[in-house]
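Q: Sequence:
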Amino acid sequence: MFKNNLRLLVEFIVIISGVLLSFYIDDFRQLQNKKLEKDILIGELVITAREDLKQIQNLRKDLIKVQDNIKIFLKDIQDNRKDIADKEIAINYLFISEKMSVSFFPQDGVFSQLISTGSLELIKSNALKNLLLRNFTHYLDRNQANNRTLDDLYLDFVNNVDPFITVMSKDKQDASFIYTDRIVDSFSIDSDYYLSNNFKAYLSSANTMVGKNIDMLNLFEKSYNQILELANKA
1 MFKNNLRLLV EFIVIISGVL LSFYIDDFRQ LQNKKLEKDI LIGELVITAR
51 EDLKQIQNLR KDLIKVQDNI KIFLKDIQDN RKDIADKEIA INYLFISEKM
101 SVSFFPQDGV FSQLISTGSL ELIKSNALKN LLLRNFTHYL DRNQANNRTL
151 DDLYLDFVNN VDPFITVMSK DKQDASFIYT DRIVDSFSID SDYYLSNNFK
201 AYLSSANTMV GKNIDMLNLF EKSYNQILEL ANKA
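Quick note: the sequence shown uses the UniProt record's numbering, first residue 1, plus one each step.
Everything labelled a hint here was simulated from the structure, so no lab data went into it.
Among the clues, some could well be false.
[Claimed, not checked] Derived DEER-like restraints, expressed as beta-carbon distance ranges:
id, residue 1, residue 2, range
1, Ser-186, Lys-212, 41 to 47 Å
2, Gly-118, Asp-62, 16 to 22 Å
3, Glu-229, Ala-201, 57 to 63 Å
4, Lys-222, Ile-40, 23 to 29 Å
5, Asp-68, Asn-232, 37 to 43 Å
6, Glu-37, Ser-204, 47 to 53 Å
7, Asn-159, Thr-208, 45 to 51 Å
8, Pro-163, Arg-134, 39 to 45 Å
9, Ser-188, Gln-144, 31 to 37 Å
10, Ser-103, Asp-83, 21 to 27 Å
Here a beta-carbon is modelled for each residue, glycine too, at the ideal position from N, C-alpha and C.
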């Protein structure tokens, strides 16, 4: 009787141990698969971060030139005289009106996958996790708000400035990018409006908003560089 009970107990322990071991192996396998998925996503994150950095550099270059062109106008009209030729005004204004509202669109798809798959929690570096959360939530929201404001200002230019400073443009023959430079085809410049306080006010507003956009791009650039630096510790 005792031997029977002992045999049953041993069999029970063996069965339970087998079940627990299978659970452990299954959990371990799932964890390894999640870690592999996390590593793949981090690799994709590095690629998109580098692409976004290139986008930031190109946009900032254009926005700095927008500010330079605005300063040329403001300097020219400060003495209530128009010393710049109409053709130059047309070229500079075309660049301002087309580039002032260019927007940065961060590639947040990989971050969304890190969240949805639970991979974010497997990242060892708390600093990297915090950077990702800030970059793709707080900064993203601020960037979208800036973009909406710039879009509104662009519409103001279209409705209120373009009737007086009218520049017809055409694509360059090698145009292949959404933000490619366009060239002046024809133009009409109202000198009185060019020298008006109304135009000066629009230029000042554009200069301020473009400056805020550049500041936002600088924040993103710093964040992305830190993300790339910490990605190997994920």
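Q: All hints, please: hold or fail.
A: Each hint tested on the structure:
1. Ser-186 x Lys-212: 41 to 47 Å: Hint violated: Cβ distance 33 Å, outside 41 to 47 Å.
2. Gly-118 x Asp-62: 16 to 22 Å: Check failed, 39 Å falls outside 16 to 22 Å.
3. Glu-229 x Ala-201: 57 to 63 Å: violated, 43 Å
4. Lys-222 x Ile-40: 23 to 29 Å: holds, 26 Å
5. Asp-68 x Asn-232: 37 to 43 Å: holds, 38 Å
6. Glu-37 x Ser-204: 47 to 53 Å: holds, 50 Å
7. Asn-159 x Thr-208: 45 to 51 Å: violated, 19 Å
8. Pro-163 x Arg-134: 39 to 45 Å: holds, 43 Å
9. Ser-188 x Gln-144: 31 to 37 Å: holds, 35 Å
10. Ser-103 x Asp-83: 21 to 27 Å: violated, 34 Å
In this structure, the earlier hints numbered 1, 2, 3, 7 and 10 are contradicted, and the remaining ones agree with it.
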